Amino acid sequence: MSDLFQQTILVSMFAAMLRIAAPLMLASIGELVVQRSGIWFLGVEGSMLMSAFAAYTAALSSGSMYVGLLAAVLTGIAVHLSMAIAAVTFKINQFVTGLGINLLASGLTLFLYRESLKSYGSGNIPTVDPFETVAIPGLSRIPVLGEILFDQHLFTYFAFLMVFVAWYFLYRTRYGLELRSLGENPKALDTKGLSVSRRQYAALAFGGFMAGLAGAVLVLALTDRFVPGMTGGRGWLAIVIIIAGNWKPVPIMLAVLVFAFLEAFQLQAQGVGLQIPYQLLLALPYIVAIIAMMGIRVRSEQPAHLGVPYHRE
Amino acid sequence: MSKSFRIEKRPEMGLIGLVVQAAFAITLAFVASALLLEVLGFNALESFEALRIGAIGDWESFEGTLIQATPLVFTGLAAGIAFRTRIWSIGQEGQLFAGAMMAYFITTLFDLPPFLMVIAVILAGALGGALMGGLAGVLKARFNVDVIVSTVMLNYIIVYLLSYLLTSRLWMAPGEYYLQTAQVPEASRLPAFLSGTNLHLGVGLALLAIMIMQFILSRTTFGYELRAFGDNQVAARFKGTNPQRMTVIVLMLSGGLAGLGGVAQTFGVDFRISQTFLFGFGSAGIIIAVIAGLRPVMIGFVALLFGGLASGGLFMQVMADVSSAIISAMQAIILIFFLGSSVLFRYRLKRVTSDE
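Quick note, the sequences are listed as chains L and S, same order. For my numbering, add 69 to where a residue sits in the first sequence, where the first one is 1. For my numbering, add 5 to where a residue sits in the second sequence, where the first one is 1.
Just so you know, these hints were derived from the structure itself, not from any lab. Among these hints, one or two may not hold up.
Heads up, simulated DMTMM-like pairs for lysine to aspartate or glutamate below, C-alpha to C-alpha not over 25 Å straight-line [what the hints assert, rightly or not]:
1. K160(L) x E253(L)
2. K187(L) x D151(S)
3. K160(L) x D236(S)
4. K317(L) x D151(S)
5. K160(L) x E370(L)
6. K244(S) x E230(S)
7. K187(L) x D198(L)
8. K187(L) x D236(S)
9. K256(L) x E370(L)
10. K187(L) x E201(L)
11. K317(L) x E216(L)
12. K160(L) x E43(S)
13. K187(L) x D293(L)
14. K187(L) x E230(S)
15. K187(L) x E51(S)
On a predicted model such as this, the values are computed, not experimentally measured, just so you know.
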């Protein structure tokens, strides 16, 4: 095998890693903000799935990818805000509500998808015209690195940008500080006259925006159509990633890259025809997730009030 | 860990309140689903009539409902026992797969006379599920891996394992086209539970499981310990309950129940395993457990309703051309309305207690 061939494979694998990282990163950063506000939201998977379906349906019926994108984001926000109503306003058990959202998403999208197939006619599943990658002038010309880093979807650039935005917001702004103390000690905030619930609503709206984008990426950039259950556990991996990253943006980014690498490796290994059962490669992210959780000793940044509804006395 | 304080404060709802709340949520869910069907251009009343006929139209369809309800009883009980102890396991689906797969595995190992083979299959199914649940338990007890996370991941992993056993053709009959195992041997199939009916032994086992779980929870010290552990882990620890041990035991028990569900479905109905045959029993079981207030007998009744939905849904698909996927959506809608109405019912309770 020539060096050039190997290099081409590596470049395409790492470029794929970054492409695949985008939805995971978006969902994880969104969920980080949600959890920092003290809300233990397990419905990321469902929120992404409904957004992906919305993106597909809206993009097809309008013929515009941007309408699809908008529909996905609005869906994500709506789903997350329904969690806000349940968990923040009505203090319903956060575990069951998040789970309920996931179950509703998988049932409803499967049903609506099956029904919409009828109107398309059998064997004619329509596709969208996915967003192209955007090469950054100059930078993308750098050999190897440029090809990997600077010829990506806008979503990918945005996802990585959001890691640093989230870091800046959480650690360098007053609102970020308030948000962090919300998960640690909501009462302290409340006694200062700052609204706990308004901040939690805002955090969930942001989480919904990010999950909506993540769902949109799956349909509008990484593939060209909706497939039932296409989120494939990414929403759950986001939760693992947050724990593995100890609720901090940069370690979370690294954890995302590990999982994205596993998926990119699996795609590449299948392409090259590596003699490993492909199911093992597909199961690898979930196996690694468990092993990673076994190795975690530090959970110092876990919000003390995560999942505990705040009651005013 | 002050997580359980809130639950303690809330007075536990009585059985009647629970039944009313569940009925309320189910009614609303039917209305919402009817609206959904009408929006999509179906005649909701005709569709639901087909659903009803398919579920309870005559004795034969009611038998179908009972048979559909059977694995749901097991996954419902599995979720119920875990949630009772506030162990948030979502692993019922994977444990159901593990049970069916372990039972299938032993049929490939040896032959026994019919009666013994059925017993072996049942035990293997319970064992497979219990090992799968126990794995999540050990991961929690020894390595502090969140049960939610490990069970979700294991659900994915076991399905890939099944997929491997099929595509590698280890478990597929020669010449088989579909991704499914070969048929299980006659001797291993669950015999009739009541002669003259289609009801297999699994139906009887489900009834037995309900009674045993009800008895354990309400009449034994272990059941008391279980409930106390769920109410307040710190207090339970002071009373001598070892939380690590408890977690493993509960998850093994829960997994064993789910595994029996896999046996009932595979050896009573399908006679072979495929990914699609066993799909969805876990999530339905979780919903059933929550709506039943985690009470074993109620789980039986709600599972019967869900079994009717599943069984009638197939008939509705044929008669009214409504995709049977509506059923999993309806189940989740029922859960959402149940959670929503819990607020309504909770406030009614509060007004009485905290009137100052």
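Hint-by-hint comparison with the structure:
1. At roughly 18 Å between alpha-carbon atoms, K160(L) and E253(L) fall within 25 Å of each other, so this suggested pair holds.
2. Note on K187(L) and D151(S): the hinted pairing is violated, with a Cα-Cα distance of about 41 Å set against a maximum of 25 Å.
3. Restraint check for K160(L) and D236(S): satisfied, since their Cα atoms lie roughly 18 Å apart, inside the 25 Å limit.
4. A C-alpha spacing of about 19 Å is found between K317(L) and D151(S), which places the hinted pair at or below 25 Å, so the restraint holds.
5. Taking the CA atoms of K160(L) and E370(L), the gap is about 24 Å. The hint holds against a cut of 25 Å.
6. For a cut-off of 25 Å, the pair hint linking K244(S) to E230(S) stands: about 9 Å separates their Cα positions.
7. Restraint check for K187(L) and D198(L): satisfied, since their Cα atoms lie roughly 21 Å apart, inside the 25 Å limit.
8. A distance of roughly 49 Å separates the Cα atoms of K187(L) and D236(S); the hinted pair therefore is violated under the 25 Å criterion.
9. For the hint linking K256(L) to E370(L), the alpha-carbon distance of about 18 Å falls within 25 Å, and the restraint holds.
10. For the proposed pair K187(L) and E201(L), the alpha carbon gap of about 30 Å is over 25 Å, so the pair is violated.
11. A C-alpha spacing of about 29 Å is found between K317(L) and E216(L), which places the hinted pair above 25 Å, so the restraint is violated.
12. Between K160(L) and E43(S) the alpha-carbon distance is near 33 Å, which puts this suggested pair outside the 25 Å criterion.
13. Restraint check for K187(L) and D293(L): the C-alpha separation of about 19 Å stays at or below 25 Å, so the hint holds.
14. Proposed proximity of K187(L) and E230(S) is contradicted: the alpha carbons are some 53 Å apart, above 25 Å.
15. A hinted pair counts as satisfied when its Cα atoms are at most 25 Å apart, and K187(L) with E51(S) qualifies at roughly 19 Å.
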